[in-house]
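Asker: Sequence:
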Amino acid sequence: MIDHRRLGRELDLFVSDPLAGAGLPIWLPAGAAARHAVEEYVRELERRAGYQHVYSPPLGRRELFALSGHLGHFADEMFPPMRMGDDELLLRPALCPHHALVYRARGRSYRELPLRVGELGGMYRAERSGVLGGLARVRAISLNDAHNFCTLEQVGDEVREILRLIRQAHAALGVRPAGFRLSLRGPGARYVGDDASWARAEELLRAALDGVDHVEAPGEAAFYGPKIDIQVVDAAGRESTISTVQIDFDKPEKFDLSYTDAAGARQRPVLVHRSLVGSMERLFAYLIEAHQGAFPPWYAPVQLLLLPVDAGQAGAVDRLARRAVDAGLRVEVDAGGSLGARVRDAAHRRVPYVGVVGAREAADDAVALRLRDGRSLDPMPAADAVRLIGAVVAARSAQLLPAG
Numbered sequence: 037m038i039d040h041r042r043l044g045r046e047l048d049l050f051v052s053d054p055l056a057g058a059g060l061p062i063w064l065p066a067g068a069a070a071r072h073a074v075e076e077y078v079r080e081l082e083r084r085a086g087y088q089h090v091y092s093p094p095l096g097r098r099e100l101f102a103l104s105g106h107l108g109h110f111a112d113e114m115f116p117p118m119r120m121g122d123d124e125l126l127l128r129p130a131l132c133p134h135h136a137l138v139y140r141a142r143g144r145s146y147r148e149l150p151l152r153v154g155e156l157g158g159m160y161r162a163e164r165s166g167v168l169g170g171l172a173r174v175r176a177i178s179l180n181d182a183h184n185f186c187t188l189e190q191v192g193d194e195v196r197e198i199l200r201l202i203r204q205a206h207a208a209l210g211v212r213p214a215g216f217r218l219s220l221r222g223p224g225a226r227y228v229g230d231d232a233s234w235a236r237a238e239e240l241l242r243a244a245l246d247g248v249d250h251v252e253a254p255g256e257a258a259f260y261g262p263k264i265d266i267q268v269v270d271a272a273g274r275e276s277t278i279s280t281v282q283i284d285f286d287k288p289e290k291f292d293l294s295y296t297d298a299a300g301a302r303q304r305p306v307l308v309h310r311s312l313v314g315s316m317e318r319l320f321a322y323l324i325e326a327h328q329g330a331f332p333p334w335y336a337p338v339q340l341l342l343l344p345v346d347a348g349q350a351g352a353v354d355r356l357a358r359r360a361v362d363a364g365l366r367v368e369v370d371a372g373g374s375l376g377a378r379v380r381d382a383a384h385r386r387v388p389y390v391g392v393v394g395a396r397e398a399a400d401d402a403v404a405l406r407l408r409d410g411r412s413l414d415p416m417p418a419a420d421a422v423r424l425i426g427a428v429v430a431a432r433s434a435q436l437l438p439a440g
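Just so you know, we're using our numbering here: the sequence shown kicks off at 37 and counts up by one.
Worth double-checking, as some hints may not be accurate.
Between beta-carbon pairs, the in silico distance windows are [stated by the list, open to error]:
1. A363 <-> E289: 43 to 53 Å
2. G108 <-> R380: 54 to 64 Å
3. R432 <-> A299: 43 to 53 Å
4. P116 <-> A68: 47 to 57 Å
5. L81 <-> A377: 37 to 47 Å
6. D409 <-> P116: 22 to 32 Å
7. D249 <-> D400: 47 to 57 Å
With a cut-off of at most 20 Å between alpha-carbon atoms, the simulated EDC-like pairs for lysine to aspartate or glutamate come out as follows [what the hints assert, rightly or not]:
8. K290 <-> D231
9. K290 <-> D230
10. K290 <-> E99
No wet-lab data here; the hints were simulated from the structure.
Quick caveat: nothing in here was measured; it's all calculated off a predicted structure.
Backbone N, C-alpha and C define an ideal beta-carbon position, used for all residues, glycine too.
Working from the sequences, and respecting the hints, build out all of it.
Answerer: Here is the structure:
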């Protein structure tokens with residue numbers, strides 16, 4: 037299996053330039069197109085599941101992170117503060133403090149719970165230079181994150197539904213988990229909260245994992261609570277977390293979060309942290325390697341590459357390209373060089389569909405499709421080809437032809 041850093045260079049997906057800085061990769065157009073398709077999918081999956089999306093700033097006052105506990109338990113992984121007048125601003129190492137502020141922006145009723153606050157947001161970790169590598173370990177992180185505020189009675193169902201969404205997203209993306217891990221407290225004083233809260237949180241996570249094979253990992257919990265971590269393995273055999281669900285009794289207490297129950301009394305919500313697919317950086321480090329750059333058609337950077345045999349088909353190819361773009365496909369036209377060289381270049385780029393248009397196809401408003409797996413289809417009407425590819429993309433299938 038080829039490392040994602042090498043494939044990233046060969047396929048022009050991302051670049052790491054020392055002038056930008058270590059651990060700060062730049063997404064090139066092809067990588068950005070694939071990432072954008074995945075982001076749209078995840079955002080829509082969450083929207084349909086009742087999530088409300090927000091935007092929050094990637095930095096905040098020192099007091100915010102002192103209150104959340106990150107300064108006390110995470111300072112070594114945070115960047116130094118920036119002084120602005122009387123304030124000290126810090127790049128955030130996590131999104132949860134800002135989402136706690138979203139919750140407390142106004143009073144809340146039990147009727148609003150669970151309140152699911154989602155964001156694809158930036159956060160920053162002051163990782164040591166020696167551990168940085170490609171997209172797998174970076175300093176600027178774009179996290180698919182959410183914080184679900186709920187009653188204690190709702191936590192179990194909420195966690196089970198999150199695990200269902202994780203499986204759905206993994207299936208669409210082609211993620212094959214290496215295992216589930218129940219991350220628990222270990223020895224030492226780096227954890228916050230009382231024993232009863234930790235025991236209750238662990239009990240809820242164990243119940244949600246009923247029937248799911250998993251290992252227990254003492255010492256791998258977050259400083260504020262236990263978690264379910266879903267692991268993947270990279271090309272070098274290294275294991276990392278790609279998806280997570282965490283239960284937190286601490287931050288609702290620290291931020292004095294509350295809701296009014298049916299009797300009019302003030303109650304404290306429980307906070308469930310979750311990420312369906314983790315950071316875009318670590319996710320794509322895994323996906324590039326898992327698919328060896330041959331992404332499923334729905335998030336391939338270029339879904340259809342059109343090749344006119346010669347200049348005589350330029351007009352027909354341009355019309356077909358416009359039709360495909362209007363249908364929502366990502367399309368390019370390659371008219372330079374010999375046809376054989378262009379077909380080989382398309383194979384190198386792992387393009388799922390190559391459409392060849394010669395004189396006969398141009399006259400009949402048709403196209404001959406070549407599939408990434410080596411199959412060639414008989415010439416078909418251009419409209420049918422666009423519908424075929426569109427059906428595969430809409431189904432978010434890893435196959436190159438519609439099912440059935």
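Asker: All the hints need checking, so say for each whether the structure fits it.
Answerer: Consistency of the hints with the structure:
1. A C-beta distance of roughly 51 Å is found between A363 and E289, which places it inside the suggested range of 43 to 53 Å.
2. A beta carbon spacing of about 57 Å between G108 and R380 agrees with the range 54 to 64 Å that was offered as a hint.
3. At roughly 45 Å, the beta-carbon separation of R432 and A299 lies within the given 43 to 53 Å, and the hint holds.
4. The given range of 47 to 57 Å is broken by P116 and A68, whose C-beta atoms sit roughly 30 Å from each other.
5. Remark: the range hint 37 to 47 Å for L81 to A377 is upheld by a beta-carbon distance near 40 Å.
6. A hinted range of 22 to 32 Å is violated for the C-beta pair D409 and P116, which are about 51 Å apart.
7. Range check, D249 to D400: about 55 Å between beta-carbon atoms, so the 47 to 57 Å window is met.
8. A hinted pair counts as satisfied when its Cα atoms are at most 20 Å apart, and K290 with D231 qualifies at roughly 17 Å.
9. Restraint check: the Cα-Cα separation between K290 and D230 comes to about 13 Å, which is no more than 20 Å; the hinted pair holds.
10. A C-alpha spacing of about 12 Å is found between K290 and E99, which places the hinted pair at or below 20 Å, so the restraint holds.
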